[in-house]
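Number of protein chains: 2
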Amino acid sequence: MTLPWAVVLLSGGLDSCVTAAMARKEFQPAFLHLNYGQRTALRELKSFHDIADFYGVTNRLVVSMEYLAAIGGSSLTDARIPVSQANLTARTIPTSYVPFRNANMLSVAVSWAEVIGAHAVFIGAVEEDSSGYPDCRKEFYDAFNTVITKGTKPSTHVRVVTPVIGMAKRDIVSTGIELGAPLHLTWSCYQREDTACGVCDSCALRLRAFSQAGVEDAIPYAVRPKYE
Amino acid sequence: MTLPWAVVLLSGGLDSCVTAAMARKEFQPAFLHLNYGQRTALRELKSFHDIADFYGVTNRLVVSMEYLAAIGGSSLTDARIPVSQANLTARTIPTSYVPFRNANMLSVAVSWAEVIGAHAVFIGAVEEDSSGYPDCRKEFYDAFNTVITKGTKPSTHVRVVTPVIGMAKRDIVSTGIELGAPLHLTWSCYQREDTACGVCDSCALRLRAFSQAGVEDAIPYAVRPKYE
Chain A
1 MTLPWAVVLL SGGLDSCVTA AMARKEFQPA FLHLNYGQRT ALRELKSFHD
51 IADFYGVTNR LVVSMEYLAA IGGSSLTDAR IPVSQANLTA RTIPTSYVPF
101 RNANMLSVAV SWAEVIGAHA VFIGAVEEDS SGYPDCRKEF YDAFNTVITK
151 GTKPSTHVRV VTPVIGMAKR DIVSTGIELG APLHLTWSCY QREDTACGVC
201 DSCALRLRAF SQAGVEDAIP YAVRPKYE
Chain D
1 MTLPWAVVLL SGGLDSCVTA AMARKEFQPA FLHLNYGQRT ALRELKSFHD
51 IADFYGVTNR LVVSMEYLAA IGGSSLTDAR IPVSQANLTA RTIPTSYVPF
101 RNANMLSVAV SWAEVIGAHA VFIGAVEEDS SGYPDCRKEF YDAFNTVITK
151 GTKPSTHVRV VTPVIGMAKR DIVSTGIELG APLHLTWSCY QREDTACGVC
201 DSCALRLRAF SQAGVEDAIP YAVRPKYE
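Protein chains in written order, with our numbering: chain A, 1 to 228; chain D, 1 to 228.
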């Protein structure tokens, strides 16, 4: 039996890697990577190809959305805005928020999905742990699914699937380990490409998740603070 | 009194030019042009700058979305798919449909709008005359406005405005003339860049609209059939 196709947004980070592992259970994955001029773009692209090689996925598409850097407004893409230091209890939107980024990404994914006849688009958004980005919430994806229904051909049936959206990051790590996902090939740091900085929001969330899951994180860190 | 900002999607065609003329009544326009590898991209870009010069708009952004050509699936961007000849009574989706194009465009526009603090995004979509593209219908834009509300910061208030969506194309022409819009600087042909072909869907709709409005179209045509 041939599985239906799904486009999987694979940034090269932890959440999207585990999402890909979950998508593979029911779909043939086509991997989509979006470069939006973020500081660590090259390192993330390496992780994308490493994970795709690991899974033997040849249907890959890498798209440049560097206009998001031109538009600016985020510390991820604008070198003049400092990256927020980790503050895991803050309820404000961090400076790394890229305005409406996930809608841009989903739009590309749905265009590709419509052309290749895929039935789903997988995205590894996480509501609880994603530092309060407005476009990481379930209600955003529900609304986007309505847009897809209204804005594609009647013969197209693509839905956005967010399998890790309600999970705590420690459970994402555990699920990844269970499914044999190549977490050692992923990259999360927003600030460095050689060794992870250990102190940006993204490193802090990752290190805390591995610690809570009781698993050693195999990637190298410049400093490795203990986050509880 | 300073008018609020609006991002206006300006392709260089008739509908977006009239939309810009309408937006100027209530907003300071920032003009956004998207190049998605369509056959007539250079000619459309010229029209964009000509119209922006005409209105003295300096806040311009030109974004390359050439990945839509890489994704393919449309005669507008894939030279292997022939452009449909005009068939103004057909109810099928023409080969020039670019999968989910308008969602990609709106996403870029909303990202820019959020960064510059604009209150609106104007797009010249036309439901009736737009050859049955699924992403030209009012219900698509209504759904997209919900996505914007869910996916942007609480302090952001951007709405998509589609002032010509319910208009017949002849009324768009008449409105453009009334508002002094530079229709002579616009470009609609999907096929040629020197003189308009006169026979593609887009030329046919344009020529019929000018004819019905009782106005002479000032741009050059290779052939100028009579469409009723």
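Note that these hints are calculated values from the structure, not bench results.
On a predicted model such as this, the values are computed, not experimentally measured, just so you know.
Just so you know, not all the hints are guaranteed correct.
Claimed, not checked - Which bits of chain A does chain D cover? Going by a derived footprint, with three or more residues having C-beta under 8 Å, they are: (1) 19-33; (2) 55-68.
What the hints assert, rightly or not - DSS-like cross-link-like pairs, simulated, lysine-lysine; straight-line CA separation at most 25 Å: (3) A/150 to D/138; (4) A/138 to D/150; (5) D/25 to A/150; (6) D/46 to A/153.
Claimed, not checked - Among the chain D residues that face chain A by a calculated CB cut under 8 Å, a handful are: (7) 46; (8) 49; (9) 53; (10) 54; (11) 55; (12) 58; (13) 67; (14) 71; (15) 99; (16) 103; (17) 108; (18) 119; (19) 147; (20) 170; (21) 174.
Where is the CB? At the ideal position from N, CA and C, for every residue including glycine.
> Taking 8 Å as the limit, does the beta-carbon of residue 99 of chain D come near enough to a beta-carbon in chain A?
Replying inline: 4 Å, holds
> Do the numbers back the hint for residue 53 of chain D, that is, is its least Cβ distance to chain A under 8 Å?
Replying inline: Given a least distance of 21 Å, the restraint on residue 53 of chain D is violated.
> For the pair supplied as a hint, residue 46 of chain D and residue 153 of chain A, is the alpha-carbon distance within the 25 Å limit?
Replying inline: 31 Å, violated
>> Given a cut of 8 Å on the nearest C-beta pair, is the interface hint for residue 55 of chain D held or broken against chain A?
In response: 22 Å, violated
> Any CB of chain A closer than 8 Å to the CB of residue 49 of chain D?
Replying inline: With Cβ-Cβ at 17 Å, over 8 Å, it is violated.
>> Given a cut of 8 Å on the nearest C-beta pair, is the interface hint for residue 54 of chain D held or broken against chain A?
In response: Check failed: Cβ of residue 54 of chain D comes no nearer than 24 Å to chain A, outside 8 Å.
>> Given the hinted pair residue 150 of chain A and residue 138 of chain D, is their Cα-Cα distance within 25 Å?
In response: 9 Å, holds
> Holds or violated: is there a CB of chain A closer than 8 Å to the CB of residue 147 of chain D?
Replying inline: 5 Å, holds
> Count the residues of the segment 19-33 of chain A with a beta-carbon closer than 8 Å to any beta-carbon of chain D: does the count reach three?
Replying inline: With 0 residues close enough to chain D, the hint is violated.
>> The hint names residue 108 of chain D as touching chain A; please verify it with the least Cβ-Cβ distance against 8 Å.
In response: 6 Å, holds
> Taking the closest Cβ pair, is residue 174 of chain D under 8 Å from chain A?
Replying inline: 29 Å, violated
> Is the hint on residue 170 of chain D kept, meaning its closest Cβ partner in chain A is under 8 Å away?
Replying inline: 26 Å, violated
The structure fails hints 1, 5, 6, 7, 8, 9, 10, 11, 12, 18, 20, 21 (numbered hints given earlier, in ascending order).
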